[in-house]
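Chemist: Take a look at the letters that make up each chain.
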Amino acid sequence: MQEEDNRNCGCMYNMMNTNYTSNSNNDMSDCECDKFNQTREEMMERIKCLNFAIIELGLYLDTHVDDERAICLHRKYCKEYRELTDKYQKIYGPLTIHFPCNKWRWIEEPWPWERGNF
Amino acid sequence: MIFGTEELAHLEMVGTIVHQLTKNASIEEIEAAGLGAYYTDHGVDVYPQSAAGMPFSASVLACKGDAIANLQEDLAAEQKARATYEKLIDLCRDNPDVVDPLKFLREREIVHFQRFGEALRGVQDKLAEKKFYMNCDNMNTNMYK
Ligand SMILES: [Fe+2]
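Keeping their order, the protein sequence lines are chains A and B. For the first sequence, our numbering gives the first residue as 1, with consecutive numbering after it. For the second sequence, our numbering gives the first residue as 1, with consecutive numbering after it.
It should be emphasised that the hints constitute simulated quantities derived from the structure, not laboratory data. All values derive from a computational prediction rather than experimental measurement. Careful: at least some of the hints might be erroneous.
[Unchecked claim] Computed, partial: chain B to chain A, Cβ under 8 Å: (1) Thr16; (2) Val111; (3) Arg115; (4) Ala119; (5) Gln124; (6) Ala128.
[Claimed, not checked] Label-pair restraints from in silico Cβ distances: (7) Tyr47(B) with Glu42(A): 34 to 44 Å; (8) Trp111(A) with Ile30(B): 40 to 50 Å; (9) Pro100(A) with Gln72(B): 10 to 20 Å; (10) Trp111(A) with Ser57(B): 23 to 33 Å; (11) Ala9(B) with Glu108(A): 36 to 46 Å; (12) Ala37(B) with Trp111(A): 19 to 29 Å; (13) Gln72(B) with Asn51(A): 47 to 57 Å; (14) Tyr92(A) with Ala128(B): 27 to 37 Å; (15) Glu108(A) with Asn95(B): 41 to 51 Å; (16) Ile30(B) with Pro100(A): 37 to 47 Å; (17) Pro110(A) with Gln72(B): 20 to 30 Å; (18) Ala9(B) with Asn37(A): 22 to 32 Å; (19) Phe104(B) with Cys78(A): 20 to 30 Å; (20) Glu107(B) with Lys79(A): 46 to 56 Å.
[To be verified] The following residues of chain B were derived to be distant from chain A, with all beta-carbon distances above 12 Å: (21) Ala9; (22) Ser26; (23) Ile30; (24) Glu73; (25) Phe104; (26) Glu118; (27) Gly122.
The beta-carbon is built from N, C-alpha and C at its ideal position, and this holds for glycine as well.
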């Protein structure tokens, strides 16, 4: 799935593979979750993966502004992140206070230090 | 800036670990863990202080108004953070729930060090470039003389 996506956007291989040899969990290509039938936990896990990858690519791009492959991956992950967070928030409520809602649901969930957020 | 934001998130992670470890601890457990003095001052609230009890202060940070000095300061800070996490990992070796996030945080400091190092190299390359100066006023005067 990942390889195909990369080819579609012109990236020939996944940059995450070159930067992380220590922890294969960080490798986005390992994610084999079914995009259309994800549980809440799976969606949240993927959102966290994408968020981390976007931040990491951002740090990398600050000192490698001409790296086309990194820019391409950044664009790809941003698109998926936007779609997935949108879908998640419509079902389960806001992830940040920048998501509008009719009823104030922000304080319903336990905070991370109360072992919320999985 | 982006590093600063991430470091604040790390502060939240470390605070969360402290909160979860001390939650529901009995007074005997707190005393046995050597937290009696901390408990007296802060209860089980999370207070930003060093392991030796020194409250956090901006005096540990430096901004020199000089790109080279600032980046060297940043690089040193990342190494100090890495070394601190390694010592915490040694101390918490029997608790994987604590060690795993600490290992993640240690890895982030190494990535930050790498990126700051690249930024420093960029600044040094820029400063080493050949410079030539033009005085436009003189040039114009000479041209129209
Ligand atoms: Fe750092």
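Chemist: Now tell me, hint by hint, if it's right for this structure.
Modeler: Structure-based check of each hint:
For the restraint placing Thr16(B) at the interface with chain A, the shortest Cβ-Cβ distance is roughly 4 Å, inside the 8 Å limit, so the hint holds. This hint holds: Val111(B) has a C-beta 7 Å from the nearest C-beta of chain A, less than the 8 Å allowed. A distance limit of 8 Å between C-beta atoms decides the matter here; for Arg115(B) the minimum to chain A is near 5 Å, and the interface restraint holds. Using the Cβ-Cβ criterion of 8 Å, the hint placing Ala119(B) at the interface with chain A is satisfied: the shortest such distance is roughly 6 Å.
The restraint placing Gln124(B) at the interface with chain A is violated, with a minimum CB-CB distance near 13 Å, outside the 8 Å limit. The restraint placing Ala128(B) at the interface with chain A is violated, with a minimum CB-CB distance near 17 Å, outside the 8 Å limit. Here the CB-CB span from Tyr47(B) to Glu42(A) is close to 37 Å, well matched to the stated 34 to 44 Å. Remark: the range hint 40 to 50 Å for Trp111(A) to Ile30(B) is contradicted by a beta-carbon distance near 23 Å.
With their beta carbons about 45 Å apart, Pro100(A) and Gln72(B) fall outside the hinted range of 10 to 20 Å. Checking the proposed 23 to 33 Å range against Trp111(A) and Ser57(B) shows it holds: the Cβ atoms sit about 27 Å from each other. Under the hint 36 to 46 Å, the C-beta atoms of Ala9(B) and Glu108(A), about 22 Å apart, miss the expected range. At about 27 Å, the CB distance of Ala37(B) to Trp111(A) agrees with the hint of 19 to 29 Å.
Checking the proposed 47 to 57 Å range against Gln72(B) and Asn51(A) shows it is violated: the Cβ atoms sit about 30 Å from each other. One distance hint, 27 to 37 Å for the beta-carbon pair Tyr92(A) and Ala128(B), is violated here, with the actual separation near 53 Å. For Glu108(A) paired with Asn95(B), a C-beta distance near 31 Å fails the hint of 41 to 51 Å. A C-beta distance of roughly 44 Å is found between Ile30(B) and Pro100(A), which places it inside the suggested range of 37 to 47 Å.
The hint said 20 to 30 Å for the Cβ distance between Pro110(A) and Gln72(B), and at roughly 42 Å that hint is violated. For the pair Ala9(B) and Asn37(A), the supplied restraint of 22 to 32 Å holds, since their beta-carbon distance comes to about 31 Å. Taking 20 to 30 Å as the suggested C-beta distance range, the pair Phe104(B) and Cys78(A) conforms, at roughly 23 Å. The hint said 46 to 56 Å for the Cβ distance between Glu107(B) and Lys79(A), and at roughly 27 Å that hint is violated.
Listed as a non-interface residue, Ala9(B) fails to keep its Cβ farther than 12 Å from every Cβ of chain A; the least gap is roughly 9 Å. With a closest Cβ-Cβ approach of about 20 Å to chain A, Ser26(B) is found to remain outside the 12 Å limit, as its non-interface label requires. Its beta-carbon lying about 18 Å from the closest one in chain A, Ile30(B) satisfies the requirement of being farther than 12 Å from that chain. Non-interface status of Glu73(B) relative to chain A is upheld: no Cβ of that chain comes within 12 Å, the nearest being about 18 Å off.
The beta carbon of Phe104(B) is not kept farther than 12 Å from every beta carbon of chain A, the shortest such distance being approximately 9 Å. For Glu118(B), the condition that its CB be more than 12 Å from all CB atoms of chain A is violated, with the nearest at approximately 4 Å. At roughly 6 Å from the closest C-beta of chain A, the C-beta of Gly122(B) falls inside 12 Å, breaking its exclusion from the interface.
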